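Which chain is which? The protein sequence lines are A and B, in order.
Oh and the first sequence: position 56 is 56 in the working numbering, straight run, nothing missing.
Oh and the second sequence: position 104 is 1104 in the working numbering, straight run, nothing missing.
Calculated from the structure, these hints are not laboratory results.
Model, not experiment: these values are computed from the prediction.
Treat the hints with care, since some could be wrong.
Just the calculated beta-carbon pair ranges, DEER-fashion [said to hold, decoys possible]:
#	chain 1	residue 1	chain 2	residue 2	range
1	B	Val1107	A	Leu23	48 to 58 angstroms
2	A	Leu20	B	Arg1097	18 to 28 angstroms
3	A	Ala82	B	Phe1103	23 to 33 angstroms
Derived, one-sided and incomplete: chain A residues facing chain B with beta-carbon distance under 8 angstroms [unchecked claim]:
#	residue
4	Ile8
5	Asp64
6	Gly72
7	Lys74
8	Ile76
9	Arg107
10	Pro118
11	Ala119
Every residue gets a Cβ at the ideal spot worked out from N, C-alpha and C, and that includes glycine.
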Amino acid sequence: MLAPVLYIAVGLALLALLFLSLLRRTPGAEGSAQALLDARHAVRTLQTGLLPSELVERIFSKQDLKYVDSCGSKQIQHLFLAERKRIALSWVRRIYRQIVCLQDFHRGHSRHFARLNPAREIALALEFAALRLECRVLSLLLILRGPYGATRIAGRTAAYASRLCDVSENALSFLTPGGTAKVARDSAHDGAAT
Amino acid sequence: MWVFIIWWIGIGCEAVLLIRALATRTLAKYPYFFSYILCIFLVDLTRFFVYTRHPSDFRNVYWSTQFLTIAMAYGVMLEVLRHVLMRYQGAARLGDRLLWLSFFSVVTYITYRSVSVKNWSEGQTGFKLERDLRTVQAFVILGILLIVSYYGIELGKNLKGMLLGYGAYLGILIMELAAQTYMGPSYDATWRSIGSYLMFIPTTIWLATLWWYHPAPDAATSTAQESDYESLARRTKSMIGSILDSFRGT
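Next comes chain A alone, as it looks inside the complex:
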C-alpha cells in the first residue's frame, strides 16, 4: 500500500509545484545596480540600524520593566509588555528581511557563473534556510513567551546581535568592488582616477 501512496505523493508534489510556479512573482532585474544597492543597504541596515549591541540591550533590557513594575499599575505593565513585544518582533522581522535581501543578491549573481559549484550552492541554500528558520523560531518564542518570558532569549539575542555585527562587516567587503580602493590609493590623490 505504501508504494502507490508514494507515487501519488510525487504526482501531487509535481502538480503543486507547477501551480506555485505559475503564481511566482516576476523577479527584478538581476545583477543590476539596484540589486547591488539593495544588498549594500541590507548590510548597512544590519550593521548600523539593527545590530548594535546597545540597541539590542535596550530592547531586551529589564531595567525598563523594573521601572514600570515599580509604578505598581497592572494596566501600564500590560501595555508596556505588549509594546516591547511588538518592538522585539519588528526587530526580528527586519533582520529576516535583510537576510532575504542578501540571499537574493547572492542568487542573482551566482546563477551567471559557469563555474558555479552545485554542492556549495546546495549547502549555501540549506544554510540560508536554517538561518531564516532560526529567525522564525525566535519570532515564535517572542510571541509565545514574550520579550521577558525567558531571560535566555534576551541573552541569546544580544549575543547573536553582537556577533552578527562582525559578520556583516565581512559581508560588506564582498559587496565592495575590490579594485576601487586600489585605484583610489594609486591615483594622484586628485580624485581623477576614482
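Start from chain A and add chain B according to the hints.
Chain B only, in chain A's frame:
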C-alpha cells in the same frame, strides 16, 4: 467510436502544433521540443494504422512506441535547460547534472529490470516500468522547477508552457499508473479510459502557450568575472556560518 474520435482529435492537435511551429518559425527555436511533438504525432498515426489494420500486433507496437515517446520526452526538459543555459550558465549547470543523473538512473534501471524480470506481462510489468520511468522524469521536472524558482529565472511563455504542459501530464499520469499497477486487473475500465484523455492536457496547454513565439526575457549581462564566484561563495558561506554559530552558541 469514441476511441477513434479522441484519437483523431489528439492527432489533429499535434498536427496543428507542428503546422504553427512551421508557420511562426518556432520549430527552429525549439528543435528538441518539436522533435518530441513530431515523434508523438508519428507514433499516434502508426498506432492508429496498426489498431485498425493489424489489431493483433497492437500491444507490441504500443509498448515499443511508448518507451520511445518516454525517451523522446527528455527533449522537453533538454529544451528548457538549453534556453536557460544561454542566459544563466551557473543555474543551467545544476540542471544539466540533474538531467544526466536522471538519464543514467533510467538506463541502469531498465538494464536491471530487463535482467531481473523473468515473466514479462504487458499488463503489469509494462505499466510498472512506465510508472517508474515517468517518476524519474517527474523528479527531473521537480528539480528544474526548484532551480528556476530558487534562482528567480524568468522562463517566458513558451518555455513555461512546455514545462507546465508536460509536468501536469506527468503528475496526473503517475497517479493513474500508480492506481492501475496497484489494483491490477480489477482496475475499472472507466478509469482506464482516462489515460486516453490525458494527452489533451499538454496539447491544450502547448497550443495556448506556443501559438506565437514568445522569447524568454533577456537576462541582464553580468560583469562579474568567473574567478569572482569562488570569492562570492566563500564569503557568503563564511557569513552564514558565523550567523548560525552565533544563533546556536547562545
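| message | Would the hint on A:Ile76 be counted as holding, given a Cβ-Cβ threshold of 8 angstroms to chain B? | response | With a minimum Cβ separation of about 31 angstroms from chain B (threshold 8 angstroms), the hint on A:Ile76 is violated.
Holds or violated: A:Lys74 as interface residue toward chain B, Cβ cutoff 8 angstroms? This hint is violated: A:Lys74 lies away from chain B, its Cβ roughly 32 angstroms from the closest one there, beyond 8 angstroms.
Q. Given A:Ile8 as an interface hint, is the shortest Cβ-Cβ distance to chain B below 8 angstroms?
A. OK, holds: A:Ile8 within 8 angstroms of chain B, min 5 angstroms.
### Task
Mind checking the hinted window 48 to 58 angstroms against the Cβ distance between B:Val1107 and A:Leu23?
violated (36 angstroms)
Consistency of beta-carbon spacing, B:Arg1097 to A:Leu20, with hint 18 to 28 angstroms = holds (23 angstroms)
*asked:* Would the hint on A:Pro118 be counted as holding, given a Cβ-Cβ threshold of 8 angstroms to chain B?
replied: Given a least distance of 5 angstroms, the restraint on A:Pro118 holds.
Interface hint for A:Arg107, Cβ within 8 angstroms of any Cβ on chain B:
holds (5 angstroms)
### Task
Answer holds if the nearest beta-carbon of chain B is closer than 8 angstroms to that of A:Asp64; otherwise answer violated.
violated (22 angstroms)
ask   = Can we keep the A:Ala119 interface hint, with Cβ of chain B closer than 8 angstroms?
value = violated (10 angstroms)
Does the nearest C-beta of chain B fall within a distance shorter than 8 angstroms of the C-beta of A:Gly72? Given a least distance of 34 angstroms, the restraint on A:Gly72 is violated.
Q.
A range of 23 to 33 angstroms was offered for this pair. Does it hold for the Cβ distance of A:Ala82 and B:Phe1103?
A. About 58 angstroms separates the Cβ atoms of A:Ala82 and B:Phe1103, which means 23 to 33 angstroms is violated.
Hints 1, 3, 5, 6, 7, 8 and 11 from the earlier list are contradicted by this structure; the remaining hints agree with it.
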